[in-house]
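One line per chain: the protein sequences are A and B, in this order.
For the first sequence, counting from 1, position 15 maps to 19 in the working numbering; every step adds exactly one.
For the second sequence, counting from 1, position 237 maps to 241 in the working numbering; every step adds exactly one.
A hint or two may mislead.
The list cannot tell twin chains apart, which means a pair is met if one copy fits it or any two copies do.
[To be verified] As a list, the in silico DMTMM-like pairs of lysine to aspartate or glutamate whose alpha-carbon atoms are at most 20 Å apart:
id: 1; residue 1: Lys217; residue 2: Asp250
id: 2; residue 1: Lys30; residue 2: Glu164
id: 3; residue 1: Lys38; residue 2: Glu160
id: 4; residue 1: Lys267; residue 2: Glu343
Quick caveat, the hints were computed from the structure, so don't treat them as lab data.
It should be emphasised that the depicted structure is a prediction, and the values quoted were computed from it without experimental measurement.
2 protein chains.
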Amino acid sequence: MKLLFLILIAPLISYSQTNDSIFLRKIYNTALSKGEAYEDLRELCKTIGARISGSAEAAMAVQWGEQKMKSYGFDTVYLQEVKVPHWERGTKEAGWIRTSEGKMLKVNLLALGGSIGTNGLLEGEIVAFNHMDELKKASKSQVQGKIVFLNQAMNEQQIETFRAYGGCYTIRGNGAVEASKLGAKAVIIRSLGLAIDEHPHTGSMHYADSIPKIPAAALSTQDAEILAQILKKQKANFVFEMDCRDYPDVVSYNVIAEIKGSKFPNQIITMGGHLDSWDTGEGAHDDGAGIMHCLEALRILKVLNYKPINTLRCVFFMNEENGNRGGETYATWSKSRGEIQLTALESDRGGFSPRGFEVDGSEKYVTFLQSLEKHFEPYDLSIFRPGYGGVDISPLKRSFEGIPLFGFAVDSQRYFDFHHAPSDVFENVNKRELELGCAAIGAFIYLLDRNYSIFLP
Amino acid sequence: MKLLFLILIAPLISYSQTNDSIFLRKIYNTALSKGEAYEDLRELCKTIGARISGSAEAAMAVQWGEQKMKSYGFDTVYLQEVKVPHWERGTKEAGWIRTSEGKMLKVNLLALGGSIGTNGLLEGEIVAFNHMDELKKASKSQVQGKIVFLNQAMNEQQIETFRAYGGCYTIRGNGAVEASKLGAKAVIIRSLGLAIDEHPHTGSMHYADSIPKIPAAALSTQDAEILAQILKKQKANFVFEMDCRDYPDVVSYNVIAEIKGSKFPNQIITMGGHLDSWDTGEGAHDDGAGIMHCLEALRILKVLNYKPINTLRCVFFMNEENGNRGGETYATWSKSRGEIQLTALESDRGGFSPRGFEVDGSEKYVTFLQSLEKHFEPYDLSIFRPGYGGVDISPLKRSFEGIPLFGFAVDSQRYFDFHHAPSDVFENVNKRELELGCAAIGAFIYLLDRNYSIFLP
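Same shape as in the complex, but just chain A:
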């Protein structure tokens, strides 16, 4: 019986696999020979550039995204209102090391996102810690009235740079609170980057309700190294000015395009990245590349006249960087409309050479993901394993119990050279690497759609 079944079914499987294989090849060929992602990214980076939530650039990016999606003729394109925080760097931002010998050295610094300003020039003696744990163990008398310098470096021995980032994230996110608890008047951190260079890296930080707010900034890794060297020999002060501050929330939008499901329009497969960026560089890798990956994937499926079984939805999320309001709004909205979110995919690790996909989901989905690896052998993808989906899509877990979330994995080695830094510009994205990412996501979304039944609740 089983043998007979296999004999009967084998040609069908083989036919279907061949069809998949041919279709995947078409997706790749289109991305590599008739791709639009690279020029779209150039447009976003060069005509708009950095686009932090609440800024004029973010508003223009919303318009740009909507127009671009409409130009591709998807079934539906619409905006989804999101109230976002509005923090501005201001116009004053400069810092110096003043050694005990009276020498002044200018440093490259960026206020951390959400920091208060210094209210004019702020100067204080520097007290340095090589690790967050050292600061936590310090006494008030060590820190009181001083400027804390957190010189914790990302661990270069981690092969996956995201792990190194995760291990160091706390100095940026929690440095101000921990320093302020001990009476510090400001905190400066070593930028979260693996390269030793002149670019400071900003990023989100937070304050706690009962702890006084103090200004927080990141020095370039190069300046952090110089400062550490100075402090080995003598005391030093840090002097800086920043006039960054919060403004009232602003109305902004997620930007959404869909190809309606031919059989199950209420069953949704979501893919996306974030449209906002930090207010430095051009948000090219983070996350211009990610939204181009998804937009181009949907465009290619349309160009190839693919009629999806379920609705394929591409979302340019707003405000991933400092609030995730777009992701939160989207999950709540989708649930309230009675949609069935089958699964979601996020691309937010840069436009580098693709390596594969990770899944945040139950064992069943890990096995499913691994079953897809064979389709990608011709394209040299090898990462098909449990892992992380993405920040924007993570609120879907709250709204849709058990939903598996996929994360697009690319080569991570260069990502933190550019992440949240002035160097995150279009020129640092490679055309082929970006295009291969678009193709991989197009192919993956196609396979998710074809195998949708595994995602049914």
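Assemble chain B onto chain A, guided by the hints.
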């Protein structure tokens, strides 16, 4: 019996695997935290730069390599004499398109390596072919007295860029011969590169004994596209001058370092890349990165006090680019000394993010290679398959029957943006990507040494 054997042997296997695993981690940690490859590459690129065989720079590079190897305290460091060809670009190199309307456009071009000069300004009507096969099918009357323009593009739909290069190589290698057969007075080719940019890419070409030699040059892909557009609308001439030419052979050297085998000093495991480069850019990826990979691998094994079973030999081969005299000399020399060459590894695909290893050898060695994959799982290497070794080590096959040759495989997407072009400079090599390559090779050579018995004749 078998079961008992397994019970007895299992802890040993496990112990040995754990030891391997710990040692590999040490190799990676050393490369990533105490690496010298990046600064060594900077030195080679910035104090010497491009170093074509026979040039003063190549001679200085030999001295630099010997000093560097000696500074690391290997058991033996020596030079191996190699007679190399000596071709020079000269000082005149310029080209223009002259349209039938009389408009002149300057192009970026590079003489192909080995080309004759133009003997003053050379001008001729352009006859264009989009593929080598078109030229081969052309008649004498179409080509006679004209300048052939071979505008065959690398196939961007190939995922492995080396395949795309292989498919297009003939326009550079054989273009002059094929054009001259039909009476052309010169040949210009579209550069072998996937990006559309302003950099021309040089590389080797050849002449045939009975066919008149004609000048050969490569235009940047951007200029090739412009020229193709012009030719759609009107005829055009090409005008250029080059004073490149051959000189008599020059004495040069392979540069060699060894750690002697503690048990079998006459059994050799060779690893290497090539010290020479083309005479443009700085030979950073091609093949500065490759020789740094191997030098650093050997240095790390020494620093970690590893006592190899067999002799580990790092060779900086001379003259890979236009003759492979270094590789030929080495294979003959090794054979003549009665050495047992167990196997060899080459790194000559750039300093990009490592992907794994290929083997050019019998099925036994493919299986062996695949058995090594597990060791590299923590380091995200996934290519362990049949493939190519490298040009420098290929003559070993002639001298040592059945010898398996390993090639180090890195991400290939960006390689042909830099290959043989002015853009192949130090700044385009990423520190971490280079260091991960050094570690991968160090680990691989260690595993080859530990498993040497499989290579015994």
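Verification of the hints:
1. Lys217 with Asp250: within (13 Å within a copy, 72 Å between copies)
2. Lys30 with Glu164: between (31 Å within a copy, 17 Å between copies)
3. Lys38 with Glu160: For lysine 38 and glutamate 160, only the inter-copy Cα distance (10 Å) is at most 20 Å; the intra-copy one is 38 Å.
4. Lys267 with Glu343: Intra 14 Å, inter 70 Å, cutoff 20 Å: intra-copy only.
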